[in-house]
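Given the sequences, and given the hints that come with them, work out the whole structure.
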Amino acid sequence: MTVPSARLPAQPVALALVALLAVACQSRVPEEASPRFELGAASEDSSILGAGPARLVPTGTVVDQRVQGLASELSGLRSSVMANAQEFRAVRAAIADITGRYQTLVGTMTARLQVGTTPGNPELIAAWNEAQGLLGELDRNVGRLSALSTRVAANAATANFLHSAIRSAYRLSGGVDQDHRNLDLLEDDLNRTIVTIERLLNEITDDISRQSATVAAERRTLGSLGLAINSGRMFGAPLSARVATGPQAAPPRPVPAAAQRRPLVTIRFDRPEVAYRQPLYDAVSAALDRNPAVQFEVQGVAPARGEPAEQARAANEARRQAEGVLRALVEMGMPSERLSLSAATAREATVTEVRVFVR
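If you read the sequence shown in the numbering used here, its first letter stands for residue 15, the second for the next number, and so on.
DEER-style ranges, computed between Cβ atoms:
id, residue 1, residue 2, range
1, E362, P322, 11 to 21 Å
2, T132, R275, 36 to 46 Å
3, D202, D111, 36 to 46 Å
4, D296, A358, 17 to 27 Å
5, E331, P306, 28 to 38 Å
For the record, the hints were derived by calculation from the structure and aren't laboratory data. Owing to the predicted nature of the structure, the values given are computational and were not obtained by experimental measurement. Don't be surprised by glycine CBs; every beta carbon is placed ideally from N, CA and C.
The following block contains the structure:
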């Protein structure tokens, strides 16, 4: 017995196909009829601004024209903020690289000098010059951060203007509810952008302050290393470290009259090359250990004898030698604001002298 094959009614199948086509057409119509505006193209840095840009539904109203204009301005602001954030990361990476190479050079020079080497070792001079160049690069990157800070501050001003413009747009007539929903989206996105700008500006400001202080301190360190390379051995840690980290400063004592003062160091220039730097460093370090707030007066002393012209030449020579001693102290790391320069004559002096007094 043959069983006839089952047949499905043709009409229900046709109706089902028509229904499916209608559903598919309906699912495509809203996207074609209502294109959506996106604030800027997505990028790998979109995470900087938190959530993705707002998607607005155009309404064709007068208010919608204003909304679209504000959206375009906000898109430009977001792009600028992301570009500034990218540059900030690039500058930070450059600073980290420069700092690492610089510290390696300083560590190598310090180790060589601590065990002793030849005066004016050309290898150390080459390393010192390279370190000086790296410090210059670090200083230039601080300048880049300063310029970037100005641009981010301009972003902040633009964001504040947009915030006022969005709030004003709520009061425009001729809009529909969707326009206000679009403005809500814009305002939320702008608030996230403002938070990012403020955080970026704070980080840049902190980095500028920190790196500027680092450059100033390392210039003093290089000055101390330069003196040590010339002599072939280390004097010791930069004097600035003793000024900053010494014990609690003692209250200032009254300064005695000039005739009663005893110099901390007296350097007699009775020959062409006087090796005074190490004894000077040791004496000043000991004074700073006793009182980190102490100040110093560097006085050039000329012999009070001979004709007026001879005395004038001796006074000029004494001042020149005193300026050299003062520069040596600065290169050792002593802050210049802690130093003063003076001149005097003395009957008991037989040659040019430089006397360093504690003040």
